[in-house]
Amino acid sequence: MASKLELATPKIRAMFDSIRGGVFTDADLLGILKKHRRHWDLGIRVSGAAFSRFLVEELGLRVVELKAEGYGALQRYAWREFSPYLMALSIRPRAYLSHGTAVFLHGLNDQIPKTIYVNQEQSEKPRGGGLTQERLTQAFSRRQRTSKYVYAFDSFRAVLLSGKQTGAYGVVTRRGPQREELPVTGIPRTLVDIAVRPAYSGGIVQVLEAYRGAKGRVKGAELVRVLRRLDYVYPYHQAIGFLMERAGFPEAEWEKLRSLGTKLDFYLLYGMKNAKRDEKWRLFFPEGI
1 MASKLELATP
11 KIRAMFDSIR
21 GGVFTDADLL
31 GILKKHRRHW
41 DLGIRVSGAA
51 FSRFLVEELG
61 LRVVELKAEG
71 YGALQRYAWR
81 EFSPYLMALS
91 IRPRAYLSHG
101 TAVFLHGLND
111 QIPKTIYVNQ
121 EQSEKPRGGG
131 LTQERLTQAF
141 SRRQRTSKYV
151 YAFDSFRAVL
161 LSGKQTGAYG
171 VVTRRGPQRE
181 ELPVTGIPRT
191 LVDIAVRPAY
201 SGGIVQVLEA
211 YRGAKGRVKG
221 AELVRVLRRL
231 DYVYPYHQAI
241 GFLMERAGFP
251 EAEWEKLRSL
261 GTKLDFYLLY
271 GMKNAKRDEK
281 WRLFFPEGI
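The letter at position 193 of the sequence shown is residue 193 when you use our numbering, and the numbering goes up by one with no holes.
If you're looking for bench data, these hints aren't it; they were derived computationally from the structure.
Among the hints, a few may not be true.
[Said to hold, decoys possible] Here are the simulated lysine-lysine pairs, DSS-like style, with alpha carbons at most 30 Å apart:
#1 Lys164 - Lys148
#2 Lys273 - Lys148
#3 Lys219 - Lys280
#4 Lys148 - Lys67
#5 Lys125 - Lys148
#6 Lys164 - Lys256
#7 Lys67 - Lys114
#8 Lys280 - Lys215
#9 Lys256 - Lys125
#10 Lys256 - Lys215
#11 Lys11 - Lys35
#12 Lys273 - Lys164
#13 Lys67 - Lys164
#14 Lys263 - Lys215
[As the list claims (entries may be wrong)] Listed next, with one range per pair, are the computed distances between beta-carbon atoms:
#15 Arg212 - Lys35: 44 to 52 Å
#16 Gln120 - Tyr270: 21 to 29 Å
#17 Glu279 - Thr173: 35 to 43 Å
#18 Lys35 - Thr173: 22 to 30 Å
#19 Gly107 - Gly70: 33 to 41 Å
#20 Gln75 - Glu279: 53 to 61 Å
#21 Ser259 - Gln75: 48 to 56 Å
#22 Lys280 - Val63: 51 to 59 Å
#23 Gln75 - Leu131: 40 to 48 Å
#24 Lys4 - Thr146: 44 to 52 Å
Glycine included, C-beta positions come from ideal geometry on N, C-alpha and C.
Could you put together the complete structure from these sequences and hints?
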């Protein structure tokens with residue numbers, strides 16, 4: 001005699017097929033069971049564990065482990081051709097996609113990266129003190145730190161970033177390759193983020209390509225608004241204006257960045273050797289850019 005779960009299989013399969021992206025946690029599966037228990041006529045004896053086991057053993061729900069060296073593993077579930085972006089987002093609540101992943105989702109260059117950047121904002125921290133040329137030069141003489149929170153699953157890597165507290169400023173919803181809804185930094189915020197952390201978008205050459213791809217899709221005034229909201233100590237507007245000019249933005253657009261002033265020498269990258277200097281922007285940059 002067929003079990004209640006077996007009798008409900010067509011309805012269960014249809015419901016999972018209707019969910020775009022197909023990524024679930026244990027809590028998600030329990031919530032689905034509670035929501036549909038009566039409609040599927042499952043009764044109170046079907047437990048969350050029995051429901052999950054049936055999905056895995058009988059309906060092909062995949063168990064996916066996200067492994068991070070030194071940080072253990074996370075278990076998630078995947079239905080059919082699941083969204084790797086939703087899988088990466090499942091690592092932390094209230095996270096959003098950023099940097100190189102946002103560049104790809106907005107079509108700003110032709111890369112199809114296997115590394116997914118997930119930003120979970122930190123708690124509010126006090127702003128740093130006054131900036132001097134000595135302090136700035138010393139900071140940029142070293143290599144830039146990068147996140148060690150890297151989770152591997154299938155052929156992907158999800159890098160968890162602990163971003164500045166912004167209240168998810170500049171984050172929008174965009175459809176992914178499977179038409180799944182994804183929280184991702186919009187183009188203005190993305191251009192600022194990748195200028196601040198070029199390593200999270202494939203390096204400075206790819207950053208410049210993304211700026212070229214954004215030409216005509218963003219205004220200098222929008223970038224100024226993002227910078228004012230993020231309130232960095234370092235004068236990143238010099239790097240952003242320089243990149244806009246090199247990418248071919250109209251002068252009227254990058255001049256909005258230059259109008260913020262160039263009081264100190266700044267650096268496009270950390271740890272540069274044999275850098276060249278742009279007098280207009282008071283910016284040191286690597287040869288070939």
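Each hint tested on the structure:
1. With a CA separation close to 17 Å, the supplied pair Lys164 and Lys148 stays within the 30 Å bound.
2. For the suggested pair Lys273 and Lys148, the alpha carbons sit about 25 Å apart, so the restraint of at most 30 Å is met.
3. For the proposed pair Lys219 and Lys280, the alpha carbon gap of about 20 Å is at most 30 Å, so the pair holds.
4. For the given pair, Lys148 sits about 12 Å from Lys67 by alpha-carbon distance, which is consistent with the 30 Å threshold.
5. Taking the CA atoms of Lys125 and Lys148, the gap is about 21 Å. The hint holds against a cut of 30 Å.
6. As the CA atoms of Lys164 and Lys256 are separated by approximately 24 Å, the hinted pair is consistent with the 30 Å bound.
7. Between Lys67 and Lys114 the CA atoms are separated by roughly 15 Å; this keeps the pair inside 30 Å, and the hint holds.
8. For a cut-off of 30 Å, the pair hint linking Lys280 to Lys215 stands: about 21 Å separates their Cα positions.
9. For the hint linking Lys256 to Lys125, the alpha-carbon distance of about 28 Å falls within 30 Å, and the restraint holds.
10. Distance hint between Lys256 and Lys215 is fulfilled; the C-alpha atoms sit about 15 Å from each other, no more than 30 Å.
11. Distance hint between Lys11 and Lys35 is fulfilled; the C-alpha atoms sit about 13 Å from each other, no more than 30 Å.
12. The straight-line distance between the Cα atoms of Lys273 and Lys164 is roughly 28 Å, inside the 30 Å bound, and the hint therefore holds.
13. Our distance criterion of 30 Å between C-alpha atoms is met by Lys67 and Lys164, whose separation comes to about 25 Å.
14. With a CA separation close to 27 Å, the supplied pair Lys263 and Lys215 stays within the 30 Å bound.
15. The supplied range of 44 to 52 Å is met by Arg212 and Lys35, whose beta-carbon atoms lie about 47 Å from each other.
16. At roughly 23 Å, the beta carbons of Gln120 and Tyr270 sit within the given window of 21 to 29 Å.
17. At roughly 42 Å, the beta carbons of Glu279 and Thr173 sit within the given window of 35 to 43 Å.
18. The hint said 22 to 30 Å for the Cβ distance between Lys35 and Thr173, and at roughly 23 Å that hint holds.
19. For the pair Gly107 and Gly70, the beta carbons lie near 35 Å from each other, so the given range of 33 to 41 Å is met.
20. For the pair Gln75 and Glu279, the beta carbons lie near 55 Å from each other, so the given range of 53 to 61 Å is met.
21. Distance hint check: the CB atoms of Ser259 and Gln75 are about 52 Å apart, consistent with the given range 48 to 56 Å.
22. For Lys280 and Val63, the hinted distance range of 51 to 59 Å is satisfied, since their beta carbons lie about 56 Å from each other.
23. A C-beta distance of roughly 45 Å is found between Gln75 and Leu131, which places it inside the suggested range of 40 to 48 Å.
24. Checked against the given bound of 44 to 52 Å, the beta carbons of Lys4 and Thr146, roughly 50 Å apart, stay inside it.
The structure is consistent with each of the numbered hints, conforming to all of them.
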